[in-house]
Amino acid sequence: MSRLAYSANRRRARRAKRAAAKPRRHRLFLPPASTVDQTVDLTSMSAAMVDRLFWRAGFGPTQADRTAWTGKPVKDAVNWLLTTPAGVSGVPGTNGGKAFDPTGDDTDLVLSWVDRMVRSTNPFPERLGFFWHRHFANSRASVSPPQLLMQQNDLFRKYSDLAANPTASFKDLTHEVTINPSMLRFLTGEYNVKGAPNENYGRELMELFSLGITNAAGAANYSEDDVKQLAKAFSGWQIDDSNPDAVTSYFTPDRWYNGPKIVFGKFGNYHYDDAVDLVLAHPNHPAFLLTKLWNEFVATPPDAATLAKLVSTYTSSGLQIKPVIQQILTDPALFASLSEPNLVKPPIVYVVGTMRALGAGVTDTSATDHLDDMGQLPYFPPTVAGWEGGLSWLNTNTALARFGFAASLISNATIDDVPGETASSAYDRAYAAVGQPWLSSATQAAIRDFSNRAGSGTSKLRKERQLMLRALMLAGPDGQVM
Amino acid sequence: MTDTPRNGDHDKLPAGGADAHALRCADCARSDSLVTDLEPTSRVPIPAEALAGFPDGVPHAKRGPRGVDRRSFLRNGLIGTAAVYSATRLDWGSMWEAALAEAAEPMQKSIVCIFLNGGNDGLNAIVPVAADQYSAYQAARSNIARITDTTTGSQASSGTQVGTTVMPGTGTTLAFANPLVSGTGNNTDTKGFDTLYGDGSGGAGSDLAVFPAADYTPANRSHFESRDYWFAGALQELQTGWLGRWLDAYGSQSNPLQAVSLDSSLSKQIRSSSAPVCAIEDLGGARFSVPGVTVADPNAEVGKLAAVAAPSAGNVSLARSRSIYGLTVDVSNRLTGLGAVQPGQGYPPNTDLSRKLQLAATLLSAGLGTRIVTIDWGSFDTHGGQVTAQDPQLAVLSRGLAAFKADLAARGIEQNVVTMVFSEFGRRIASNDSQGTDHGAGGMMLVSGSAVRGGLAGEHPGVKVDDDGDLVVKTDFRSVYQSLISEWLGGDPANVLPGGPFPGIQRYDGGTSLMK
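Listed in order, the protein sequences are those of chains G and D.
Quick note: the first sequence uses the numbering used here, first residue 1, plus one each step.
Quick note: the second sequence uses the numbering used here, first residue 1, plus one each step.
Since the hints were derived computationally from the structure, they do not count as laboratory data.
Among the clues, some could well be false.
[What the hints assert, rightly or not] Calculated cross-link-like contacts (lysine-lysine; reagent style DSSO-like; alpha-carbon spacing at most 27 Å):
id : chain 1 : residue 1 : chain 2 : residue 2
1  : G       : K72       : G       : K322
2  : G       : K171      : G       : K322
3  : D       : K191      : D       : K464
4  : D       : K304      : G       : K460
5  : G       : K75       : G       : K322
6  : D       : K304      : G       : K463
Please model the complete structure; the sequences and the hints are all you need to start from.
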């Protein structure tokens, strides 16, 4: 059986289990605050700051990134990330020598996105696009045909390629997502019809996508009646998938609940777009979304003043995305604990980052196999709430998968034999080959100790030494944080 | 499959040469003993506590941490995955509760089924050595025949024909081929079929019941159809296996670990209608490794990286990463220790059978309510070069069974476990020109365990060629299943085996029971 088929089973099972257990919670891991390094100079980035920015806003730094941005202001680098169009370079990936067939094979569907991330010239649009996928999480396990998810992926990219869409707003995104065919299918909005309202989307819109169940003080953000009333406003939309490559959603007035609705105490004959506007005008929306967005990039939650400033930026811009991202990525908190990275790399960031560090492209199903084992197969989120994330990424199974993925890539690479190479030179060569990742000084010492102990009398031993050094540098415990 | 013979005739295979031992039917290379058209309903992580918390020899009744939860499992490490096949969706937590609830109960009677894949030639394992019988045997298969004295050695390497050792209690009419027998020149170990069999009386120390010609009639020489019959416990293709039906009637409805296939997917033997069952491929693979690295130990080196000085307070992410990496190393080391055998209990090294038997012993002794383990092993479809292909496997089987019994005894559970060995059919009496044998009937079936009444438990038909050139089947395999149910596992065979009741066991000494 294919791994994806089993994933789908497993995820269906989890989803069924989750559906049975109400209320659902959207858990975010919030680590305790750690102090901002005093050495952070936002006007002149150190190499460690460049690394930090490109891990958090991309998939790790390249040597070119380090050369280009060391000594430069943070705001310039962030500006580059937010104004450089999405694009790819290099040789397109394959699955065993064959071009991807994303509509015919779910593995290829996933691989084609991974390939796009690996080859991205500006990683930020793919990184933010993946955030939207986690946020508005739809799964291939219950969305067919796969073209719906590909179309939704393009939609997300429209709201993450901020060079192409500098004024993109969360409001416009939510309007589009609400009648997006994949979302209509995943949350059964296509069955929402007057006389038989389907509350699924309206509930998740408030609970997961925009408000949260309660505010910071613990008070309910909405009532069950609001859910019912919203459902009426969202009724009437269906999917035309007669041509899978050009799926559209359409509105049938006769299926729409044409009558008064009361949402948050406001009265009107609302359509879907009115309803979205009402929800996004809710006082708890900005803090809810911006806290989640902040936590995507920063290890510690925003303090009250920072959050207030973000909310102000967000609301005054008409819920635009770029200004708040700019503010988050230039905040000193992003550079906290520079000498000791303090956020677990999500599997997708680890996998793509490892491939980019090694200069490896997608050539087989190794990336999807290992992503699955690491617990984050793109297009297959476990629930509509996305992935739990945070510390839950790491357990004894996923540690083996993380190490195994990098070790297999390292073993696939050609390694020159250098007879007479000293332990120290071997260490340096390996370190360069894996892209000079962060390693604590104690870890460096331990790996150097291995290099000193390792045999080097034969070409086989020297090759083993290189394989081991590279795997330990890239795939050990220190390689899992950013 | 359509262009290969399905009736077992392989006369068109090329004559044996240097590579003759490699000859098998084209369609026998794949293992069809597994259910491949059935997808697991879930995959469940196996926590380290399930096995590693119960070291060897701890009395069974003392085990059983209760109140487990998913988070503690994840915190303490996982050692493998069970592919669960269940008619109803099992909740993760309740499944482990069910398994661990078993830990508080006395261990129940269990069975391990070893399937010799490909059709084992029983006639070269249990050899008729009475004078008239032996001459017929020798004449029918002179190019692979055993000799009647106890000469040892490999026919392939020394040119000396392999000898035989008489089975006590058979009046010197039957003998074990020497690869099955202990000794330096035989199976190379100090234990084997001869030590399990003892004096053949069925008393203390006589723990191996031998059925020299067990099968069904009329013979079906298709690997696939014949296997299906054996697995189903019926001469028809059924959707369930005989042990699966036993579980439906008498097993748990909530503990998939009650029946485990040590494979990537499920054996048809334990395919059930309602009772949950599972497949576990491996528990020992959980180590850090780097392809191409054989001298250095990646697991140990990763352990050193995990043990460097703790990160600064507040950096929970890095602390978590190092602790999880360290835990993973710990778990794999503990499991490696768990799998280590006591001195003197040596399993044959580097064989898949040893690995699976050790895994079976580990599971059975973990007290998780495991009652059935299925193992699919070997490559017995010896159309050519039979001696060099079969003899090493017979030696491994002989050593493995003896080591398994000793391992179970060291774990204090041997009295609760019996092991059954079977194959889908025997082979023709006459050998072919490739120094091999083609698909026949009447194969060797064994039941081992100190609870078993050892000895010759079924009649040998002698080398009387029937109309098809096969051994005459003297024991219906379903008679053995019937005894295993009524005398061991418990329950009414009529609820499990269609077409019964079947004739009872007929021991050489007139006894009719399989168990002591």
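Note to self: With the threshold set at 27 Å, check whether the alpha-carbon distance from D:K304 to G:K463 stays at or below it.
What the structure shows: Holds, at about 21 Å.
Notebook entry, point to check: Hey, G:K75 versus G:K322, does the alpha-carbon distance stay inside 27 Å?
Noted result: holds, 13 Å
Next item on the list: Mind checking the alpha carbons of D:K191 and D:K464 for me, to see if they're no more than 27 Å apart?
Entry: Violated: D:K191 and D:K464 sit about 32 Å apart, past 27 Å.
Next item on the list: Compare the distance between the alpha carbons of G:K171 and G:K322 with 27 Å, and conclude whether the hinted pair is satisfied.
Entry: holds, 13 Å
Next item on the list: Given the hint that G:K72 pairs with G:K322, test it: the Cα-Cα distance must not exceed 27 Å.
Entry: holds, 21 Å
Next item on the list: For the pair we were handed, D:K304 and G:K460, check the Cα-Cα distance against 27 Å.
Entry: holds, 23 Å
When each numbered hint is compared with the structure, a violation occurs for hint 3 only.
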